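A.B. asks: Listed in order, the protein sequences are those of chains H and Z.
The first sequence begins at 1 in my numbering and counts up by one.
The second sequence begins at 324 in my numbering and counts up by one.
Treat the hints with caution; some may be incorrect.
Unchecked claim - Under 10 Å between C-beta atoms, here's a sample of chain Z residues computed to sit facing chain H:
{"hint": "1", "residue": "A355"}
{"hint": "2", "residue": "K422"}
{"hint": "3", "residue": "L438"}
{"hint": "4", "residue": "G439"}
{"hint": "5", "residue": "R445"}
{"hint": "6", "residue": "F497"}
{"hint": "7", "residue": "H559"}
{"hint": "8", "residue": "A566"}
Stated by the list, open to error - Covered stretches of chain Z, going by a simulated chain H footprint (3 or more residues, C-beta under 8 Å):
{"hint": "9", "stretch": "594 to 604"}
{"hint": "10", "stretch": "611 to 624"}
If you are wondering where the hints come from, they were derived from the structure by calculation, not from laboratory data.
Note that the structure is predicted; figures quoted are calculated from it, not measured.
C-beta: ideal position from N, C-alpha, C; glycine also.
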Amino acid sequence: MEIGGIFAYLVSFAIMAGIYAVFCLGLNIQWGYTGLFNIGIAGFFCIGAYASALITTPKPTGTYAHYVHQLFGLNLPFVLGMAGAAMICGIVAFLIGIPTLRLGEDYLAIATLGIAETFRLIFNNEHWLANGPRGLIGLPQPLHGLVDPKNYNSLYLIIVVIVMLVVYLAIERAIRSPWGRVLRGIREDEISAAMSGKDIFNFKMQSLVFGAMVMGVGGALYAHYTIAISPESFTPLYGTFIIWVMLMAGGSGNNKGAILGAYVVYFIWMIGTKFMTDLLPYTLKARAPYIRFLLIGILLEIILICRPQGMLGEEKRVSKLID
Amino acid sequence: MIELIIYGIVLGSIIALGAIGLSLVYGIIRFANFAHGEFMTAGAYLALFVVTVVFSWIGIPDNTFGSLSFGWRMVFAFPFSMAGVALLAILSDRILYRKLRAKDSGPVMFAMSSLGASFIIRMIILILWGSDYRFYRPGLMRPALELIWGIKIRPDQILILSVVLFVVILLHLFLQKTKMGKAMRATADNMELALVTGIDTERIILWTWGIGGALAAAGGILYGIDVQLHARMGWHFLIPLFAATILGSIGNIYGALIGGLTIGIAQQVSTAFLLPTYKLPVAFMIMIFILLIRPQGIFGKE
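Next up, chain H with everything else stripped away, as it sits in the complex:
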């Protein structure tokens, strides 16, 4: 492989890992800091991506409209797509939180799982909404005219990194505030937190919605990177499971860990793809993705048993006032 090829490969790796890092940061708010067990990340992934796609594309006209159906198309800029994605994900999270956040932790897990599967089915079957199983293609890319299309990915990497940093700083700030300390208090001991006069349900809801909004931003980043989205991109494997493994590997309750985990696990994933597919006998090549997921699953079990705190572990003190 020539140098240019390797560089392009590294850039696309860094973009995808960066997008996954945004999801890990969102999950870290919910799971790492508040202990909310969301296993429907794929649902927010899917809603975020579709919301941004519908906001930024124009509604098809003429003959094109016969082939592509979508509920609306606002033709607005990328930034508004991202904001819309965050808002819609926040609303969905709010609705899911109402019946589940007062109950045990498992109920939220089951409900988020259900919502993820439900949305995937809806996008798959309702052609009028977003073109059914064929999905939407040709999503606009931000600042596309600015650089040579050949080098566009490098520009997109900068956008991803900026978004990731903004999200990172926002969460760091929130977590180091009194609000963040209440969340951690709820995670550690709900009853004591309630006895200190904190409204548990409200704080959990804020954390769930905040995390979901970050995931919506991640979904938008993904949609405008791949340009084409279809319901099949948001399966529980690619949309939920791998993100959990990333956060657990990096260290839940640590934002640097969330980003590190995303890059490390995605690196293992990419390397695994490259080499394992070459090594496998011909008959098994088609089943290589399953072997990769099997290994990722085993990795999760090993982390849970041997090192549940992950690579970095949680920072115990987050206030700069105590040292």
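Add chain Z to chain H, keeping to what the hints say.
C.D. replies: Frame of chain H, contents of chain Z only:
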């Protein structure tokens, strides 16, 4: 409509087999086992392996019983697969959950571990069999019998209902009459009290996994006979299983039975108004509705 309700009872009895096991595990070992659907898939594929590979190698003839779609091969494969998945469930406890218990991990860690286990089992099945639809026997569907009022039902479906009824009666006798069964009910009812009275919880846990796994395998095979096999079938059963478990109150096996039937009937009847692919959201909506109005389920205490 009556036809849909009957098909719903068939589907519901299959869901009930899974939900009873899930409810037992949830009530006794106290975590949401996200791998329970995969136990159903594993059972179905283990039976497939025995029917199509082992028995054709031994040379047991592949004849069918009268108008049923299977024969002696399935009769032997059925209990074999139930035992196999019981062993798989116990093994998953030994390898994963016992280590977490030893570390005093919170219930969410168990749930996450079971989510990992569910992906591992599914991936192994996908590696071995791929993602095509499979059947226990090639060939056409057996003709349906015509009952009164023009209701059509396949002989297989009548048999599925009888098998489920038989298994549930066996389980009922086990829980009511045997010492182990009584100990299990006591543990599901009140863990602390059971510990004080000297019940060996590790043995209870072992039995719970065994029974849960075996029932799930039975459900998986029956679904395979009724419809088809697919590596993702168990995953698609997961939401209906949880809906049935929560509807019938966690830890209550009779509740799980009624919950399973309710969900099955609701899912089949919904196909008269909605696309059949929306069966899963229907189960999900019922679950959310129950969580809103009565989160402890129909048989739960206030």
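A.B. asks: Against each hint, give a clear statement of whether it holds in the structure.
C.D. replies: Here is how each hint holds up against the structure:
no., hint, verdict
1, A355, "holds, 4 Å"
2, K422, "holds, 5 Å"
3, L438, "holds, 6 Å"
4, G439, "holds, 4 Å"
5, R445, "holds, 8 Å"
6, F497, "violated, 27 Å"
7, H559, "holds, 8 Å"
8, A566, "holds, 8 Å"
9, 594 to 604, "holds (count 5)"
10, 611 to 624, "holds (count 4)"
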